[in-house]
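Engineer: One-letter residues, chain by chain:
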Amino acid sequence: MALISGVVFGVGLTIAGMLDPSKISGFLDIFGVWDPSLAFVMAGGVVVNAVGHRFVMRRSVPLFAPRFLLPSFASIDRPLLLGSALFGIGWGVSGLCPGPVLGNLLLLPEKMGLFAAIVCGGLWVGRALKQRLEKSRVD
Amino acid sequence: MIINWDSFTPLASLGGGILIGIAALFLMITTGRVMGVSGILSGLFSAGEPKLWRLAFLGGTLLGPLLIYTITGTPIASEMVSDGWLFYGAAFLVGIGTALGSGCTSGHGICGLARFSGRSLVAVITFMTMAVITVYVIRHSGLGG
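Protein chains in written order, with this note's numbering: chain A, 277 to 415; chain B, 51 to 195.
Read the hints as simulated data drawn from the structure, not as lab findings.
Being a predicted model, the structure only gives us computed values, none of them experimental.
Ideal Cβ positions, reconstructed from N, Cα and C, are used throughout, including at glycine.
One or more hints might be untrue.
As the list claims (entries may be wrong) - Subject to a maximum C-alpha distance of 30 Å in a straight line, what follows is the list of computed DSSO-like cross-link-like pairs (lysine-lysine):
| hint | chain 1 | residue 1 | chain 2 | residue 2 |
| --- | --- | --- | --- | --- |
| 1 | A | Lys411 | B | Lys101 |
| 2 | A | Lys406 | B | Lys101 |
| 3 | B | Lys101 | A | Lys387 |
Stated by the list, open to error - Per label pair, the in silico range of CB-to-CB distance:
| hint | chain 1 | residue 1 | chain 2 | residue 2 | range |
| --- | --- | --- | --- | --- | --- |
| 4 | B | Thr122 | A | Ser412 | 45 to 53 Å |
| 5 | A | Asp353 | B | Lys101 | 26 to 34 Å |
| 6 | B | Pro60 | A | Val337 | 35 to 43 Å |
| 7 | A | Ser298 | B | Gly192 | 19 to 27 Å |
| 8 | B | Val187 | A | Val323 | 28 to 36 Å |
| 9 | A | Leu382 | B | Ala62 | 18 to 26 Å |
| 10 | A | Phe340 | B | Asp133 | 41 to 49 Å |
| 11 | B | Gly109 | A | Arg330 | 27 to 35 Å |
| 12 | A | Asp353 | B | Val187 | 23 to 31 Å |
| 13 | A | Val337 | B | Phe95 | 21 to 29 Å |
| 14 | A | Val337 | B | Met51 | 45 to 53 Å |
Said to hold, decoys possible - Sample of chain A residues at the chain B side, in silico, Cβ under 8 Å:
| hint | residue |
| --- | --- |
| 15 | Val284 |
| 16 | Thr290 |
| 17 | Gly293 |
| 18 | Leu405 |
Throw the hints in and build the complete structure from the sequences for me.
Structural biologist: The following block contains the structure:
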C-alpha cells in the first residue's frame, strides 16, 4: 500500500514539475520573472488532502494498521524555527526538497547520488541534535 | 511583479498537486501515517521504527518518475541551479533542517497545512521566506555566483 502511495506521489511530483530545480527556483524568485506554477501544486495537494482527511478521520482506525499516527506535539519551539530556516536556505540554493531528490535519483544517478547521501547524513545529524535538545528541555 | 508566462504550467501543476494529495490520503487511510518524505527517510536511521512501509513508499517515489519517463519516452526536465560546494552544502542544510524542523515540503506543506496544524503553518512560512530571500540574494544581489 505504501508502495502504491509512493508511486502516485512520484508521478504527481513529475507531472507537477517539482523534479526541476530551475522551476522551483523560478517559483521562489518572486522579485524576478516569477513562475507561479508551484502555488498550484500546493493548492491542489492541500485542498484535496484537507477535504479527504475529514472523511479518512471518520474511521477509528486505518485499513491495515492498528491506529492513526498523527503528530500531537503543538508548541512552536526553537528546533522547528531553526530547522525550517536552514531547510529554506538549502531549498533556495539547490531548488531541491527531499521528495524531488528521491524522484530524480534514478533519472540522474550521477548528479543526485552524492546529494541524496548528504541529505541522509544531514537528517541523521539533525535527528541526533533534535533528540539532544528535547532531552535538555525535559531535564 | 513580472510573470514568467513561458514556463507557467497551471494545469499540469494543479494535476500533479492533486495526485500528491491523493497519495497522502491513500497512505493515511491504509497505514495511518503522515506522508512526510523527510520523516519517512529519517525513520530508516532509527532503531525500533518499522522499516518496511518506509522502504516501500520511498521505492515507489523512486519508481514513479521512471514510470512516466518509460511511458512517455520524453526526458523529464531537471535543470540544476547550483553546483560545487554550494550544491552539496545545500544538501546538508536540507537534511539537518528538515530533521530539526520535523518536516519538509510534503510533511508540513501538504499534510500539515491540510490538518490546519499551527506548527506546520509556522514551518511553511519560515522555509518559504528563507528560500525566497536565498534566491533573491543569489540571483539579484550580486553576491551569488
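Engineer: A separate judgement is required for each hint: does it hold in the structure or not?
Structural biologist: Results of checking the hints against the structure:
As the CA atoms of Lys411/A and Lys101/B are separated by approximately 25 Å, the hinted pair is consistent with the 30 Å bound. Annotation: proposed proximity of Lys406/A to Lys101/B holds, straight-line Cα distance about 21 Å (limit 30 Å). The hinted pair formed by Lys101/B and Lys387/A meets the criterion: a straight-line CA distance of about 27 Å does not exceed 30 Å. For the hinted restraint 45 to 53 Å between Thr122/B and Ser412/A, the CB-CB distance of approximately 51 Å keeps it satisfied.
Our hint of 26 to 34 Å for Asp353/A and Lys101/B holds, since their Cβ atoms are close to 28 Å apart. Distance hint check for Pro60/B and Val337/A: the Cβ-Cβ separation is about 38 Å, which falls inside the suggested range of 35 to 43 Å. Distance hint check: the CB atoms of Ser298/A and Gly192/B are about 20 Å apart, consistent with the given range 19 to 27 Å. The hinted range of 28 to 36 Å is satisfied by Val187/B and Val323/A, whose Cβ atoms lie roughly 32 Å apart.
At roughly 21 Å, the beta carbons of Leu382/A and Ala62/B sit within the given window of 18 to 26 Å. The hint said 41 to 49 Å for the Cβ distance between Phe340/A and Asp133/B, and at roughly 43 Å that hint holds. Between Gly109/B and Arg330/A the beta carbon distance is about 30 Å. The supplied range of 27 to 35 Å therefore holds. At about 27 Å, the CB distance of Asp353/A to Val187/B agrees with the hint of 23 to 31 Å.
Judged by the Cβ atoms, the range 21 to 29 Å given for Val337/A and Phe95/B holds: they are separated by roughly 28 Å. In this structure the supplied range 45 to 53 Å holds for Val337/A paired with Met51/B, their Cβ-Cβ distance being about 47 Å. At a threshold of 8 Å, the smallest CB-CB gap from Val284/A to chain B is about 4 Å, leaving the interface hint in force. About 4 Å separates the beta-carbon of Thr290/A from the nearest beta-carbon of chain B, less than 8 Å, and the hint is met.
This hint holds: Gly293/A has a C-beta 6 Å from the nearest C-beta of chain B, less than the 8 Å allowed. Interface restraint check for Leu405/A: the shortest CB-CB distance to chain B comes to about 6 Å, inside 8 Å, so the restraint holds.
Figure legend: structure checked against the earlier numbered hints; every hint is met.
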